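Student: Residue strings, one per chain:
There are 2 protein chains.
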Amino acid sequence: MDLKHYLQTNRALVDTALQSLLPAVGTLPVRLHQAIHHSLMAGGKRLRPILVLACAEAVGGMREPLLPFACGLECLHTYSLIHDDLPAMDNDDLRRGRPTCHKQFDEATAILAGDALLTVAFELASRPIVGITAETILHVVRQLAIDAGFSGMVGGQMMDLLAENRQVDLEELRSIHRMKTGALIRFACESGARLGGGSGEQVEALKNYGAAIGLAFQITDDLLDVTGDSRIMGKATGKDHDNAKSTYPSVMGLPSARTLAEEQIQLALDHLKNFASSADPLRALARYIIERTH
Amino acid sequence: MDLKHYLQTNRALVDTALQSLLPAVGTLPVRLHQAIHHSLMAGGKRLRPILVLACAEAVGGMREPLLPFACGLECLHTYSLIHDDLPAMDNDDLRRGRPTCHKQFDEATAILAGDALLTVAFELASRPIVGITAETILHVVRQLAIDAGFSGMVGGQMMDLLAENRQVDLEELRSIHRMKTGALIRFACESGARLGGGSGEQVEALKNYGAAIGLAFQITDDLLDVTGDSRIMGKATGKDHDNAKSTYPSVMGLPSARTLAEEQIQLALDHLKNFASSADPLRALARYIIERTH
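The listed protein sequences correspond, in order, to chains Y and S.
Per the working numbering, the very first residue in the first sequence carries number 1; after that it's consecutive.
Per the working numbering, the very first residue in the second sequence carries number 1; after that it's consecutive.
Take the hints with a grain of salt, since some may be wrong.
Which copy? The list can't say, so a pair holds if one copy fits it or any two copies do.
[As the list claims (entries may be wrong)] Quick list of in silico lysine to any residue cross-link-like pairs, SDA-like style, CA-CA up to 25 angstroms:
(1) K245 / T27
(2) K245 / V30
(3) K239 / G200
(4) K103 / N91
(5) K245 / R31
(6) K103 / P87
Please keep in mind that the hints were generated in silico from the structure rather than gathered at the bench.
These numbers come from a predicted model, not from an experiment.
Same shape as in the complex, but just chain Y (with noise of 0.2 angstroms):
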């Protein structure tokens, strides 16, 4: 399994998905395309679409139908970063080693760049696709919903805010990121899963791997933010201790947090024991998720 040559190849087929699947840069307003473009193609590792594919392979699904749907979750993923950019949020001015969309644009075109691709997103996602019945569809569209939204997602988003400049404890920092950035990462497993035509019991493990692997990865989003490198890591680091936020380290220290990941990537493994060898590129994923520097 060459992880590297796998991310390469699923990262180009997204890449060139999501160039055909929305409108080109010159589209009319052309500002808010632009927009959009400078923040959906700034290089993004796109590990939920990634996700998304690799999940339906694993249950024996095609993956070549769930491109749209999978450069949905990319796109709505895009729009968070976007809108968590934003001066009255994270108030960030570089994301991937370029400027945030606000730092390019403005703010309006920023909003409604990011409204524009959550938008998208339930356009993508709700596309009919052969095989796949529209009962099943509609189910994980609304799901989708569910997870993105107040009780997901958005509601992680307000909870971080909330929690700024004070101590949580580790219950409340699991539960604000299983919000923030768990539910799409899980929903990403669930979904494609599902849509590959996995069981039960398949689509269930899945979606345990993913919420496994999303915690694993908030956890290492907040270590990068200690030891990692500004330059590799294409924006600011350090800025979770500047804003008094809490992390992972910051709660456990360095070494407990880098334990309680470790055990979330065996966690996810055993919930691949029943598959055969078409989920090794989930395995190899979920090593991935802690050994990546940016």
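Assemble the complex: chain Y is given as a structure, and chain S must be docked to it using the hints.
Tutor: Structure of chain S alone, referenced to chain Y:
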């Protein structure tokens, strides 16, 4: 046809449904739900959900099962108001006689409340409906995403911002409003007809009805900004002039703008000519659109 009674009854129906469909105001994170509640339960006209119900009724369909869907449109409309009111956009302090969301709370909370309302709109729109196929619902959900996104509402708001401080002609103005306000009103009628089980011809007729009243609605909004009473309107008037915004009165003059609105209402009524008395609420609504004082 007692429209006043019809509107009152239907507003109460929508208000009750919204209360039961959305989490209570004390749900975690409390601040987010307070903000959502503040903007959503502020005494809106509920025009879009009422159009969904009235169009379903016009084609002989059931109204009750469409309530969650109809409420989704009100959530989506409310999100657009919250984001449009932000300082980076139209910078409004007052809406329906109350402080706008970012004035009552703060910008971050308002952005997130808008994001949550946009997202929950798709959760409500993608719920199963008794007697309607999942294919039809999925089709309608996708159309909602198209009409709300960069080709519709969001794109129209961007074009509106880009048109500030310069003179636009009538064609550009119509194109902006066809997207910004027209798309969702048209969609409300089209989706109500489709989910109500209307024939292809009926759906088309009610879509055209929606397009016509949508334009009349916008012209009336512009007229009220010039001639309306801010105490009745619950928001500042004369803002378009202060913001150097092109409006129907500023582009065509007051009398021509009034005539254009009247023509659109006549057009809307023409589209209802093959409908029986079940479309009487829509006929009355068309007149109300331009006769309203707020």
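Student: Now look at each hint and say whether the structure bears it out.
Tutor: We went through each hint and held it up to the structure:
| no. | hint | result |
| --- | --- | --- |
| 1 | K245 / T27 | between (40 angstroms within a copy, 23 angstroms between copies) |
| 2 | K245 / V30 | between (37 angstroms within a copy, 20 angstroms between copies) |
| 3 | K239 / G200 | neither (41 angstroms within a copy, 56 angstroms between copies) |
| 4 | K103 / N91 | both (10 angstroms within a copy, 19 angstroms between copies) |
| 5 | K245 / R31 | between (34 angstroms within a copy, 19 angstroms between copies) |
| 6 | K103 / P87 | both (10 angstroms within a copy, 16 angstroms between copies) |
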